[in-house]
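Peer 1: Following the hints, position chain B against chain A.
Residue numbers (the working numbering), protein chains in the order written: chain A, 414 to 712; chain B, 4 to 232.
Nothing false has been slipped in among the hints.
Simulated DEER-style distance windows between Cβ atoms:
1) 422/A - 125/B: 23 to 29 Å
2) 436/A - 131/B: 40 to 46 Å
3) 429/A - 131/B: 30 to 36 Å
4) 608/A - 5/B: 46 to 52 Å
5) 115/B - 593/A: 47 to 53 Å
6) 429/A - 29/B: 46 to 52 Å
7) 608/A - 17/B: 29 to 35 Å
8) 436/A - 75/B: 38 to 44 Å
9) 690/A - 160/B: 40 to 46 Å
10) 18/B - 429/A: 38 to 44 Å
11) 690/A - 25/B: 54 to 60 Å
12) 25/B - 440/A: 55 to 61 Å
13) 25/B - 436/A: 55 to 61 Å
14) 628/A - 202/B: 41 to 47 Å
These are calculated hints, taken from the structure and not from any lab test. Every residue gets a Cβ at the ideal spot worked out from N, C-alpha and C, and that includes glycine.
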Amino acid sequence: MRRLFYLVREAWVNMRTNRTTTIVAILTTAFALACVGIFLLLYMNLRNAAGSLQEDVKVMVYLEDRRSSEQVRELERTLKTDRMVDGVLFISKEQALGEFRVQFPSESHLLEGLGENPLPASFVVTLAPSFRSPDAMKAWVERVQTMEGVAKVDYNQEWSSLLAGLIGYIELAAIGVGILLSAAAVTIIGNTTRLALLARQEEIEILRSIGATRTFIRIPYFLEGAVLGACGSALSLGILKFAVELFRQQIQLTGRFSGIEGMISFFPLSVCLALVMAGMGLGFAGSVVSLLRVGDGRA
Amino acid sequence: MDAIIQLIHVSKWHDRRAALSDVTFEIEKGEFVLLMGASGAGKSTLLRMLIAEEQPDEGQIFVHGKNVTKLRPSEIPYLRRKVGAVFQDFRLLPKKSVFDNVALPLIVQGASEKDIRRKVTEALRAVDVDHKNDQLPSSLSTGEQQRVCIARSIVNGPVVLLADEPTGNLDPERTREIIELFKLINARGTTVVVATHDPHVLKDVNRRVITLVRGVLLAEHRVGEGVGG
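Chain A on its own, in the form it takes in the complex (with noise of 0.2 Å):
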């Protein structure tokens, strides 16, 4: 018990006694690790953001004017029997317009001078989960083009796609900058350790000469190093989540994007518990990697 004791408050001791470079250390590990989660939130979220395109994926099928309703009931009957579909909603050419007047109020008095209403009426059809593949979405579509009395069809699935290809590239980024900014953590744990190894140089010659094991000579400046890397993990999980908020602030203040800042979220729990052990593995690494280097002798 009085072992662990000490080597705990050995850890402490070496902390505060370079208590500047123990903040230098803390600080730039923290900032280099909010580097990476910055990659991280924008990965997350927009993987969230994919996800729920991806429920919601709907098809616009929009109609040849001059349809009668018996031949709109019959296309009704058609997509609504279509084991691929899931859901059917018309909407009439007076409805379109009505929406269009909600949605742009500004821009709605450039249909006034059209006389007559230009807005297609339209089917909005919702697929049936297992065929919302993009190829399987491609095919049913292709199909209903050539129904008659369908002028087009329109659906999300291209933003899908990009936005697939747009994470897929983020997630190589958030990879590659992972890897170099961890490294930069270790590095900069690793100098610190060897600093106050360099510090302490004499006290651990008097620690070998009375029967001291490297273990136990090794041991607080591994929980030094793992200390220093949880300290700065949970710092940049701090510097983030105020990011986060203040990006939400922002978004309500300008009343752009409005609906977005629900849209935007921050890590859960667990994942910052993940991050934070992961920040004391890497600052565990960096005194394994200065202890290496440094060396303490034949024992």
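Peer 2: Leaving out everything else, chain B in the frame of chain A:
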């Protein structure tokens, strides 16, 4: 009697200069030995080899039955726990109290809180600094600091106590006190080896003397018994 320290044809070179040259001798269990010689004679090198801080270039060294020259790095700490070491510069940790300094060898070994308290108190009492428990080394006199260093070296009951110029920083009166302390430790059964260049120490010790000159074992004798070979 059993040899607790044995050197067999030990040689060591520092920058092509022989620090020790073909040195062979034995120290029996319970002996008090003075290792005499001028500065640079090879005394410190020899003591460092006994605790595996240095390795000989030739020869074998046995301490408490172990061949020190063949120890694995992981075995060295366990040798050092059996061999107490006292240094001229005391080597005390300046930011730790007298008690904590003396407790260090026991903490390293994982002794219980109760054992640490009992053994540290006994060791400090034995060297007569038990009243300075909570003080920092810097607040003690040089003689007291050397006593604390001795307490640390005996606290875990070593079989051998090595002292490298333990009186080098002390006045004659403190020197006599420290030598008396070593005699007392030796009387309790610990083998004591004191390296010194100070001939005044000889006056206080009626013991075996090994003399080194420029790394060569020049003579072995007992004070008052004449010079042997």
